[in-house]
Amino acid sequence: MVSMDIGVWIAAFFTIAATSYVFKDNRVFKFAEHTFIGTAAGYQVAWNLTQLNRIGIEPMMNKGMFQYVFPIILGLTVYTQYHKDYYWIARYGVAFMVGQGMGMAMRAKVSSDFIVQLQATTAPLTNINGILVFVLVLTGLLHFVFTVQRVDTEPFSTLVKIGRYGILIALGASFGNTVMTRLGQYQGRMIFLIRDWLALIS
Amino acid sequence: MSSIFEKLQDIPRGLIFGLVIIAMAYPILNPIGLPITVGQTSKDAFNAVDETEDGSFVVFHVQYGAGGKPTLQPAAIAVSHHLFQKDVKVIYFVDNPVDLANTYEIFDKLDPAKYGKSYGEDYVVLSLTGPFLTQAAIVLGNLIETVPKDSEENNLVDLPMFEGYTETEDIGLVFQLTTSGDVSEGWVYQAVSRYNIRLVGGWLSMMTSSMIPYYQAGQILGFIDGSKGAADYEVLANHPGDAVMITDILSLTQLIYLALIVVGNIGYFGAKSLGEGKS
Chain A
4 MVSMDIGVWI AAFFTIAATS YVFKDNRVFK FAEHTFIGTA AGYQVAWNLT QLNRIGIEPM
64 MNKGMFQYVF PIILGLTVYT QYHKDYYWIA RYGVAFMVGQ GMGMAMRAKV SSDFIVQLQA
124 TTAPLTNING ILVFVLVLTG LLHFVFTVQR VDTEPFSTLV KIGRYGILIA LGASFGNTVM
184 TRLGQYQGRM IFLIRDWLAL IS
Chain B
857 MSSIFEKLQD IPRGLIFGLV IIAMAYPILN PIGLPITVGQ TSKDAFNAVD ETEDGSFVVF
917 HVQYGAGGKP TLQPAAIAVS HHLFQKDVKV IYFVDNPVDL ANTYEIFDKL DPAKYGKSYG
977 EDYVVLSLTG PFLTQAAIVL GNLIETVPKD SEENNLVDLP MFEGYTETED IGLVFQLTTS
1037 GDVSEGWVYQ AVSRYNIRLV GGWLSMMTSS MIPYYQAGQI LGFIDGSKGA ADYEVLANHP
1097 GDAVMITDIL SLTQLIYLAL IVVGNIGYFG AKSLGEGKS
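In the order they appear, the protein sequences are chains A and B. For the first sequence, the numbering used here gives the first residue as 4, with consecutive numbering after it. For the second sequence, the numbering used here gives the first residue as 857, with consecutive numbering after it.
You may find that some hints are simply not true.
What the hints assert, rightly or not - Away from chain A, derived, C-beta distances all over 10 Å, residues of chain B:
1) Gly895
2) Ala904
3) Glu909
4) Gly911
5) Gly923
6) Gln941
7) Asp943
8) Glu961
9) Glu977
10) Lys1005
11) Tyr1021
12) Asp1026
13) His1095
14) Pro1096
15) Ile1102
16) Phe1125
Unchecked claim - Using C-beta positions, here's what the derived DEER-type ranges look like:
17) B:Leu871 to A:Gly102: 17 to 27 Å
18) A:Val48 to B:Glu1001: 48 to 58 Å
19) B:Pro987 to A:Gly175: 32 to 42 Å
20) B:Asp906 to A:Val113: 28 to 38 Å
21) B:Val1118 to A:Val113: 15 to 25 Å
22) B:Asp943 to A:Thr161: 54 to 64 Å
23) B:Gly911 to A:Leu55: 52 to 62 Å
24) B:Phe1125 to A:Phe137: 28 to 38 Å
25) A:Ile197 to B:Glu1001: 46 to 56 Å
Hints in this document: simulated from the structure, not taken from any laboratory. The beta-carbon is built from N, C-alpha and C at its ideal position, and this holds for glycine as well.
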């Protein structure tokens, strides 16, 4: 029996409305799109204000942790960018966020993305996967070396071609995975329509 | 007048999507039951959870919103079944309102009480906002001081599960389910490189090619690769659900896509051989 839950009906309507775009852009799709964006933005604003209160203002008021006043002021400076005379103040807040983000990332990025990856690439070449990774990393990097003259002549051209094929295979695999991901995302909605809305299966 | 080969290159997209929708609906109504071969990365993820020390904390990051829910929510449910079978304490961690709803839906589906687990004693839900790397550093290294309350406004220090909690040393595993490349890499930076905590992941299939180097280098112990990985985990956890159903659909729709690629190529090469190919 078809679901009698109004929430399920609303969800089914928006699922079909959003899907209708694959046939042709239309007003029902636009309505669904705008409703989603508006709802998501509203939720996010409310969420951020709640977090600001829980993590910043409440400890400041109840526990005397007045050091939180500095990040709150820095955060508020970002909004000065909307004022034509005081927009420059926003740079301080942004500079702090960028600097803090860089510091957090760089501390571990060198180890995670460079040293450990380099070690893994130069591991003993005892199997076909290891050999493929080693060869394709080197030839793939060579493909992007533009400072060597006569790169279009042997032996460089063959190595560059191997690197190019390696990159193309990786891109092909990535595209295949993307198709699978997108299908997987819609399959969940199909199950919802058939099982939860129309109740054609239990 | 255009030849058949040119028409094959211009199949109306309404027809293509119509075929795909039929291919998706058919296996739901008439399950084919194609066998699922569990992949090695899923087995490694399962084993990593299984080997987590009793009594330790597991940080479970739920971060896939509405878009990734069909793919990763079944995985979250299967992993939660597995975690609740073990003697570990789970910190569910979310950074947006949709994932807060997703997390409570997990509890609705699996009923923690069936496993003898209760909120505050065995699991808790935390919500945060802000730059991800900062959030991860807080959760792993300075939780109690920075986030004094859970998402239900309970003081963390008052919850029984946090009695004697010593932050990083007590965390035995981080399990992330995410649709964000920055988040999936960010956990490697924070959990593995900075705090030396074991890490397992799960993400959309399209992210796998950029994340697999971390797995091959041993930084990530195992991972759930999209819907297929979620189905693997459901089989391993012995709780078949939506992901197992999705693999049937995936197989059929992928066949449709392959057939369309072949048809398009026949059109292209046929038209080219007749000298009427598109420029």
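Here's how the hints hold up against the structure:
{"no.": "1", "hint": "Gly895", "result": "holds, 13 Å"}
{"no.": "2", "hint": "Ala904", "result": "holds, 18 Å"}
{"no.": "3", "hint": "Glu909", "result": "holds, 24 Å"}
{"no.": "4", "hint": "Gly911", "result": "holds, 28 Å"}
{"no.": "5", "hint": "Gly923", "result": "violated, 6 Å"}
{"no.": "6", "hint": "Gln941", "result": "holds, 25 Å"}
{"no.": "7", "hint": "Asp943", "result": "holds, 30 Å"}
{"no.": "8", "hint": "Glu961", "result": "holds, 13 Å"}
{"no.": "9", "hint": "Glu977", "result": "holds, 22 Å"}
{"no.": "10", "hint": "Lys1005", "result": "violated, 6 Å"}
{"no.": "11", "hint": "Tyr1021", "result": "holds, 18 Å"}
{"no.": "12", "hint": "Asp1026", "result": "holds, 21 Å"}
{"no.": "13", "hint": "His1095", "result": "holds, 16 Å"}
{"no.": "14", "hint": "Pro1096", "result": "holds, 14 Å"}
{"no.": "15", "hint": "Ile1102", "result": "violated, 5 Å"}
{"no.": "16", "hint": "Phe1125", "result": "holds, 19 Å"}
{"no.": "17", "hint": "B:Leu871 to A:Gly102: 17 to 27 Å", "result": "violated, 54 Å"}
{"no.": "18", "hint": "A:Val48 to B:Glu1001: 48 to 58 Å", "result": "violated, 27 Å"}
{"no.": "19", "hint": "B:Pro987 to A:Gly175: 32 to 42 Å", "result": "holds, 34 Å"}
{"no.": "20", "hint": "B:Asp906 to A:Val113: 28 to 38 Å", "result": "holds, 32 Å"}
{"no.": "21", "hint": "B:Val1118 to A:Val113: 15 to 25 Å", "result": "violated, 46 Å"}
{"no.": "22", "hint": "B:Asp943 to A:Thr161: 54 to 64 Å", "result": "holds, 58 Å"}
{"no.": "23", "hint": "B:Gly911 to A:Leu55: 52 to 62 Å", "result": "violated, 35 Å"}
{"no.": "24", "hint": "B:Phe1125 to A:Phe137: 28 to 38 Å", "result": "holds, 36 Å"}
{"no.": "25", "hint": "A:Ile197 to B:Glu1001: 46 to 56 Å", "result": "holds, 49 Å"}
Of the numbered hints listed earlier, those contradicted by the structure are 5, 10, 15, 17, 18, 21, 23.
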